[in-house]
Amino acid sequence: MQNWVTTFGTPITITTDRGAQFESELFNDFGKLLGSKRIRCTAYHPQANGMVERFHRQLKAALISNLNPNQWTELLPLVMLVIRIAVKTDSQCSAAELVFVTTLRLPGTYADQQLDQMSKLKPITTREQ
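Numbers 1 to 129, taken from the UniProt record's numbering, label the letters of the sequence shown in order.
No wet-lab data here; the hints were simulated from the structure. A couple of the hints might just be wrong.
[As the list claims (entries may be wrong)] Quick list of the computed label-pair ranges, beta carbon to beta carbon: (1) T73 to K120: 37 to 47 Å; (2) D116 to R38: 44 to 54 Å; (3) D29 to Q117: 49 to 59 Å; (4) G19 to D116: 47 to 57 Å; (5) T7 to K120: 31 to 41 Å; (6) N28 to T73: 24 to 34 Å.
The model shown is predicted, which means the values in this text are computed figures rather than measured ones. C-beta atoms are modelled at their ideal positions from N, C-alpha and C, and glycine is treated no differently.
Given only the sequences and the hints, what does the whole structure look like? Please build it.
The following block contains the structure:
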């Protein structure tokens, strides 16, 4: 949540299922600290939180497709990046573009741009001594 709050601010509402982690005193106290209202989905009705359930299915599929499923914690940031930059067919833009109103500049893109700029440089002759 620390990264979320520092990037997006505190949420007005938090929608959760009725999992034990969301029913804990710690989570309730955290919600009060943030000043967020909590909305609980209907028990055993995942369609009530369909967008999150669909995202979790996509996330699990990406993590499972790795040859070593024991490295999920190491792979998670990269998988999240790939999901965030993938262009959605319905909106014709990525999640990152919706949030940041621009495409994310990736290291490979940066390197390609630098190589392109370097190829345009002209040699400068120096005085011989």
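Verification of the supplied hints:
1. Between T73 and K120 the C-beta distance comes to about 42 Å, which sits within the given range of 37 to 47 Å.
2. The hinted window of 44 to 54 Å between D116 and R38 holds, with their beta carbons roughly 50 Å apart.
3. Range check, D29 to Q117: Cβ separation about 52 Å, and the 49 to 59 Å hint holds.
4. For G19 paired with D116, a C-beta distance near 49 Å keeps the hint of 47 to 57 Å intact.
5. In this structure the hint that T7 and K120 lie 31 to 41 Å apart at CB holds, the actual value being about 36 Å.
6. Taking 24 to 34 Å as the suggested C-beta distance range, the pair N28 and T73 conforms, at roughly 27 Å.
Going through the hint list in order, the structure satisfies each hint without exception.
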